[in-house]
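Next come the chains, spelled out residue by residue.
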Amino acid sequence: MRLVFAALLTLCSLTSAIAQTQAPAAAPTFGGPTIRYGGDATSGAPYTFKDPADPNIVVGFESDIMTQIGKELGRAVEFVQNDWSNLIPGLNAGLYDAVINGLEITPEHQAAADFTIPYYVTYGQIVIRKGDPEVAGLEQLRGKSVGTLKSSQMERVLRNFGGIDVRSYEEEIDAYSDLKLKRIDATVMDFPIAVYYAQPDDALQFTGTPVGRIEYGIAVKKGGNPKLLAELNSGISQMIQDGEMRKILDKWAIWTPMMAQVTGDTRPMQVQPTAYTNFVEETQPRGWKAQIERYIRFLPQLFWAAVMTMEISILAMILAVALGATLALCRVYGGTVLDRFAQVYIEVVRGTPLLIQVLFIYYGLPKIGIQLDPFVAGVLALGLNYAAYEAENYRAGLLAIPRHQMETAIALNMTERQALRNVIIPQAARIVLPPTTNDFISLIKDSSLVSVISLVELTKTYEQISTTYYDYFGTGLLVAAVYLLLGLPFVRLARWAEKHVSRGTVRTTGRK
Amino acid sequence: MQPILRVENVHKSFDTTQILKGVSFQIEEGDLVSIIGPSGCGKSTLLRCLNGLETIDSGAIEACGVRMERKVGAPEIPGEVSHRLRRNVGMVFQQYQLFPHKTLIQNVMMAPMVVKGVKEAEALANAERLLRKVGLYEQRDRFPINLSGGQQQRGAIARALAMAPRIMLYDEPTSALDPGLVDEVLDVMKELDNEGMTQICVTHEMRFARDASDYIIFMEKGDIVEISDEDEMFTNPKDPRTRQFLRRFV
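Those protein sequence lines, which keep their order, are chains E and P. Heads up, my numbering is the position in the first sequence plus 1122, with the first residue counted as 1. Heads up, my numbering is the position in the second sequence plus 6, with the first residue counted as 1.
Chain P with its partners taken away, still in its complex shape (with noise of 0.2 angstroms):
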């Protein structure tokens, strides 16, 4: 099968400090895919290149057919190449950020709205659709000061949902979260996953990790350590850096 993402060496630095030194991995559609590694290994980053929210310095990425690839000392990708590439993938970030001004229906309809110039009634049920989906019909007309998190992060992705992305990225989509708000959050994830949707998240919930996720990348210092299966990587983690990251969770 032809995977749905594949990133082929990326690096990518900040001033004088690599960030990711040559990161390679590809994946399959409908995986759930997690992310792990201690503060600062690069994954947030590695994340935010994924949709061209950050500009890669060598490397491809190439996501349903869109390619994105910079030589080393080529001139940097044009925006419009990152802009093609989002279109199939949605992103959800760690502070919910639904946009305050507007209810959060409105949240949902806006972009397709705005980008695609979907007409407002179609917009409307679709948003309704997904807002039943992430089980947030009844607050579809609050504004997000009036929703708890775990409903604005929900919203969020709902929002993310609304442009109909077959790439779902999720950076650290829980760790704003009160304790008791995660789950909400991780069964809307779990649900997608069901349906099939292509899923990347980075994350420190090791427990939804090991349960949800098809597979683990553990990134430490700018590069993939070791790419496992869930089980594998918490029970007999291939490399001893993955053994002592995990050691603190386990």
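Pulled out of the complex, with its shape left as it was, chain E reads as follows (with noise of 0.2 angstroms):
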């Protein structure tokens, strides 16, 4: 799944090269429109993250930055979520127009996107368990399974030092949590996640030197958006020489001598790590009743996240019941070229991953000029795909209404698209209807695959949830609960209409 994810993002981002030249974006003027940045709030605390006070709220080092940013430049900014693997891909198709989510300016990186200057330079941070030998730097390492996060520098960082077994991971307190449990060795992963997610852990420590060095840039689309690119530069630079960009870095207590380097800035800490003490406080284990007033703060938020779901299913399946019927047509009674269509669309389709179909038409179809809302390729995405599973079912339905019923609608002299609609169909609906209201259930589930293409549904406010406070357990039965209560009522209307339709398949009087 990942090396999907890498794959496809190395061809999304040499597909927008190619697209750009046809549809220049229109370059944003001084004090001109919103800007609208990309990132991911799942967990990435202190970056881009839901707030552990208000989870309806995004905040984070990077959410401070761009708002001081459209201070400094009069301009509006505006939060966007994506999946973090779809980040650059996303900035090509137009979803936004930067992206800051702690994007390494590497040279992989430069190739797909073109960068600021560093907004913020850091380091590797190697983490232990309480009480293990200290471990000076990488050497020590050596023959150690280490955890770090997923296509990161610190990944590569580690992976060509050699000889280090390296587990990657996609959520940074998954790595935590796996070492606490001793299924890994030691963590390195970019200084403010330890600050975050191992320094408050009494179970944890910091260890070692810095490891390499680390510059976050802000990414604009490749040679698409100089004009924005220059106004960027201009605001770091403006908020670095008016001692803003410390007031932040010090609000989230992650200055680095780095930082000191770079901006000549040798000071004593300026403010106090009001932010930092926040989340510490706000995450930190509590009494049940404070856990209670906890998840019933994300309800609202649970609410929003599973009307999405829904709008979502219910449109793709409606796509998928309407395409899936017209295929079964054609393979039973379409001829041989609609039939051999049909088989070929159906082969394909379910041969394939969802998931790659997801991102194909996302972030691929722009390369031949098709440009879609992320709503409607998720809806799209998903209803082309479950079309292919219905198509089998109804064509299976349709098979199974034996042959004399047809032949005697033609005696009647019905046409075939008359008795299709009035002897075969109806007879096929109440065999298929099973299997569909099974599919239906699956799709709900499934939906939650549009999350790589930036829409906030069911799953993906679970994972910002529970990563935001590290409780996958309450959390998750929550959500839970909510897709059992999603798919229930269908479950119900299916049986209902199954009763509707069945009549005259059960015997209720004796022979006269």
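Simulated from the structure, these hints should not be mistaken for laboratory data. Heads up, a few of these hints could be off.
Below are the DSBU-like pairs computed for lysine-lysine, each with C-alpha atoms no more than 35 angstroms apart in a straight line [stated by the list, open to error]: (1) P/244 x E/1621; (2) E/1567 x E/1411; (3) P/244 x P/27; (4) P/139 x E/1621; (5) E/1567 x E/1272; (6) E/1193 x E/1304; (7) E/1344 x E/1304; (8) E/1193 x E/1349; (9) P/122 x E/1621.
Quick one: dock chain against chain with the hints and give me the complex.
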């Protein structure tokens, strides 16, 4: 799955490098339109994350930096959620103007997007279990298993170092969790991550010297927006000069010696690390009463996520049923050409992963000039995918109707179309209702895949909340309950419909 | 009198097997004709050709003035012609083939409403009349699964009659029925005969063929061997093949 992400990221970056020549983005003017910036608020403290005090808002030192840049430039800024692995493809798809989310300025990243000057310079922090022997540097990690963040610069550093058993994680808290469970021996991740997820934890400790040097930059579409790039650069420079950057980084408790070196600012801490202490305070384990209050606070967020899940699922299912029925009719009654076409469609769609289809439709199609809204792309991908499965269900349903039913209808002088509509399809419908209900429940769950194209539905919300509070258990039960509640009415509806349409299949009176 | 149905030199093959080898006959309005013959003689295929369920290879069929003709090697007869032919020709099959998802009366009402665009009230009135005729008015709201085989077959006759055909075709209408239920179906056919309906029945029911038919067509190996008055066929068949076939029944 991760390989797929990586491959698609590369593919889509290439794609849009070509696409941009056809449709250059309108360069925003100074004091011009809102700067939309992309990021992934799933866990990700202190970068961009759901405020533990109020999960309905997004906070973080990066969001503070963007707000400040907006002030410096006289521009409004707006956050857009997208999956971390797809931040650059989303940039190229025009979902937002810029990406600020711990993207390191590396040659690989620079090949895919244009970067500003660094807004933050930091290093890798080694973390071990409290009480384990101290580690001075990477040398002593040889032969050990070390956790890090997937597709980060640190991951590459560790792999290139050699001799280290590198374990890559999607979410940072999972790495620390595994460290505590002794599944791995150490972690090396960007210093701010360690400050927020390891430092407050009594079971873990910092150790060793800084590993490498990491520079974060704001990405804009490659070659597509030189004016915005210049504006962002001047915004960052101004913030460094007027001390705003220092204030923000102090507030989040992540000032580094490298920053002092870059900015020449060697003063002691300028403001209290209030953001850090708030975070630690809010994410501490609590009594059951406070815990329940916290869960209640999640409810509005879960509600809207559930609405998104249902909107996508219902629309996708309507598409799947309509297209599936058409394909099934083509296969059974369509003649050689339509049958072959439907067969190819079904085989291709069933034979390829849904995730790839979602990514392809959203990030791949712009290459041939088809740029879709994420919601439309999500519905389309799920609908087109499920249509293949529905088609096979419906084909089985049609074939289950005895051939002489069609013949009788023809003998009554119906046309084939009239016979299908009045005789064959109504009978097939009651056969396929149970498998179709099954597929719909399945689709509700598969709809979580659309989080890779920036849509925030239930599963994404679960990830965001649970990684913020480090509470997979309670939040997990809560979200599972929501999924169950979403599916139940449809199961009931289907049962009622089944009963309704199956009249005539069960003998109700004796022979006369 | 002008014949209501004329069959001229009809040929039909499935792949390389010749099923009908130049069948010709004609039927006057109001006749009840039985077609008998050993299994595989082509009698069912002949019946299916008569309302266009099977396309013919060559020959002509003319029913109630609608002519369907195909010369040797000519392209297939368009479906539209079969459709026109079928307007006057109803058919009842061996397996009672009522639509299981509809009640009896809905079965009878469906085709007139779908095919002819008849209004629901009119279709309903007509269906009630027909169900009375076949003795199923009481069962009008039952689903087919709740009807006996004989009732289903009578329902199928009512359903075919709802399209107001002038010729009715029956393909072994009683062979799937329990022996005790055969008569109720044959009685309906006899009643229709009394009303002047033209009927052609492929049957193994020799007693019915003998009692009710105006005359009998005996087929063997894709051809008509003998057409004769029902009494004459049974008492004094002209052809030795007919005699041999009937020996098993009398």
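Against the structure, the hints:
1. P/244 x E/1621: 60 angstroms, violated
2. E/1567 x E/1411: Given that 35 angstroms is the threshold and the Cα spacing comes to 31 angstroms, the pair holds.
3. P/244 x P/27: 21 angstroms, holds
4. P/139 x E/1621: The given pair, whose Cα atoms are some 33 angstroms apart, holds under the 35 angstroms limit.
5. E/1567 x E/1272: 25 angstroms, holds
6. E/1193 x E/1304: Violated, at about 46 angstroms.
7. E/1344 x E/1304: Given that 35 angstroms is the threshold and the Cα spacing comes to 42 angstroms, the pair is violated.
8. E/1193 x E/1349: With a Cα-Cα distance of about 17 angstroms, the restraint between residue 1193 of chain E and residue 1349 of chain E holds, given a limit of 35 angstroms.
9. P/122 x E/1621: Holds - the C-alpha atoms of residue 1621 of chain E and residue 122 of chain P are around 31 angstroms apart, at most 35 angstroms.
Violation of the numbered hints given earlier is confined to hints 1, 6 and 7; the remaining hints are satisfied by the structure.
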